[in-house]
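So you can see what is in the structure, the chains are spelled out below.
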Amino acid sequence: MRLVYFARVREAIGMDCEERDLPATVHTIQDCLDWLRQCDTRYALAFADPVRLRYALDQQMVTAEAPLAGYRELAIFPPVTGG
Amino acid sequence: MRLVYFARVREAIGMDCEERDLPATVHTIQDCLDWLRQCDTRYALAFADPVRLRYALDQQMVTAEAPLAGYRELAIFPPVTGG
Amino acid sequence: MKKIAITAESISTAMALTPLENLGGGALASFTGIARADSGVVALELEHYPGMTEQNLHAVADEAMTRWSLLGCVLIHRVGKIAVGEQVVVVATAAHHRAEALDACAFLIDRLKTDAAFWKKEHRTDGSALWVEAKSTDDARAEKWID
Amino acid sequence: MKKIAITAESISTAMALTPLENLGGGALASFTGIARADSGVVALELEHYPGMTEQNLHAVADEAMTRWSLLGCVLIHRVGKIAVGEQVVVVATAAHHRAEALDACAFLIDRLKTDAAFWKKEHRTDGSALWVEAKSTDDARAEKWID
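Chains as they are written, first to last, in this note's numbering: chain P, 58 to 140; chain Y, 58 to 140; chain V, 86 to 232; chain U, 86 to 232.
Extracted from the complex, chain P is given alone in its bound form:
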């Protein structure tokens, strides 16, 4: 799965995107966050405050409970602050 990061999340992780093979135990966005947190402390820091995280699957906003099956791109980013 392609993972893309923006703003504070991007800077905390240190890259704007990566391609990852997710383990079979990862079904939802929440599972993916938990798994990444264990991979590296940079993810643990980037995802430390779930209240300040938002998610999109193939560019559609979803919640952390959303299943990943059938999607190619997961985006993780802070609440938006444009305008």
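Quick caveat, the hints were computed from the structure, so don't treat them as lab data.
All of these numbers come straight from a predicted model, not from anything done at the bench.
We put the beta carbon where it would ideally sit given N, CA and C, even for glycine.
A couple of the hints might just be wrong.
Sample of chain Y residues with no beta-carbon within 12 Å of chain V, all distances over it, derived [as the list claims (entries may be wrong)]: (1) GLN95; (2) GLU122; (3) GLU130.
Quick list of in silico lysine-lysine cross-link-like pairs, DSSO-like style, CA-CA up to 30 Å [stated by the list, open to error]: (4) U:LYS88 to U:LYS166; (5) V:LYS220 to U:LYS229; (6) V:LYS166 to V:LYS220; (7) U:LYS88 to U:LYS220; (8) V:LYS229 to U:LYS220; (9) V:LYS229 to V:LYS206; (10) V:LYS166 to V:LYS87; (11) U:LYS206 to U:LYS229; (12) V:LYS229 to U:LYS229.
Sample of chain V residues at the chain Y side, in silico, Cβ under 8 Å [claimed, not checked]: (13) MET137; (14) VAL174; (15) ILE194; (16) TRP204.
On the provided structure of chain P, position chains Y, V and U as indicated by the hints.
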């Protein structure tokens, strides 16, 4: 007293301003309207519908009950329609 | 910064916005009224009461400046003959934040319509010309700003 | 008429208003957001999610077009580094009457702030740079448009 007219009122009367010596019996705007109505049918027509008349004394909006004493200019016009 | 203008020359939204751009505010709002080709209308003719109309516009602008702590506001109204498609009125505001700029802009045009001494005549394709009647919906919109 | 643009070049209110001027509407409204020199800020940096952000802006514009029967609406958002005093965002609407143009313009900027994938960083005089936190007041303003 200087009388000034605008828009539909101006066109109905046929002039945009005139200088008038008001009789001693004319105290208020209402008195002035009544007196002018008797002077000429053009005024009677111009002032036929008081609901559609507005007044200003020395460029301040007032109601028909306002006394004229101390003012130099009475303006009579329809409700405004700018913008 | 407050600017009031009544002119027989053509006007533009840019004329109102330009003087507001460098006041340090984070928000500009504008409203522009254009002469519409309603049922055969080819031109408008705007009449005003020199002296009083300017006072009316200053009073409306002063109220908006105070009520929304504006950094600036501009009211420009055209008078005389105005062809369909040309701009009749432009109001613009500058404020620190967007709510102030937007609300004050809506207030200015609503109150200008009911409080400023302008009268509008419609010239039609058939040569006829009719004074526009005041709308009770305008009074209702202006009254909603009364606290 | 609907126009959406995200650009790293400098933008202006006129860019949004010009395409709306000849649609036959009687009312244009605009909102312009400018980078403010808040407590030592010298520049903003705007990031977006190419593809998704454009979709977000189209969705907000489509909702406004339908809800207020607009003749046109334009949303232009700048991205990249933006110096204090420069324009960050411009929204503009054209409608037959003023209430539609003004309300839709306020709706567009309120919803753009909460629904479009942009992130803003503030660069300060001391060389520091901080991501701006989302404001709950923005959510509140966006929610008031929900019927």
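Evaluation of the provided hints:
no., hint, in the structure
1, GLN95, "holds (25 Å)"
2, GLU122, "holds (20 Å)"
3, GLU130, "violated (9 Å)"
4, U:LYS88 to U:LYS166, "holds (23 Å)"
5, V:LYS220 to U:LYS229, "holds (28 Å)"
6, V:LYS166 to V:LYS220, "holds (22 Å)"
7, U:LYS88 to U:LYS220, "holds (27 Å)"
8, V:LYS229 to U:LYS220, "holds (28 Å)"
9, V:LYS229 to V:LYS206, "holds (27 Å)"
10, V:LYS166 to V:LYS87, "holds (26 Å)"
11, U:LYS206 to U:LYS229, "holds (27 Å)"
12, V:LYS229 to U:LYS229, "holds (18 Å)"
13, MET137, "holds (4 Å)"
14, VAL174, "holds (5 Å)"
15, ILE194, "holds (6 Å)"
16, TRP204, "holds (4 Å)"
Violated hints amount to a single one, hint 3; each of the other numbered hints is respected by the structure.
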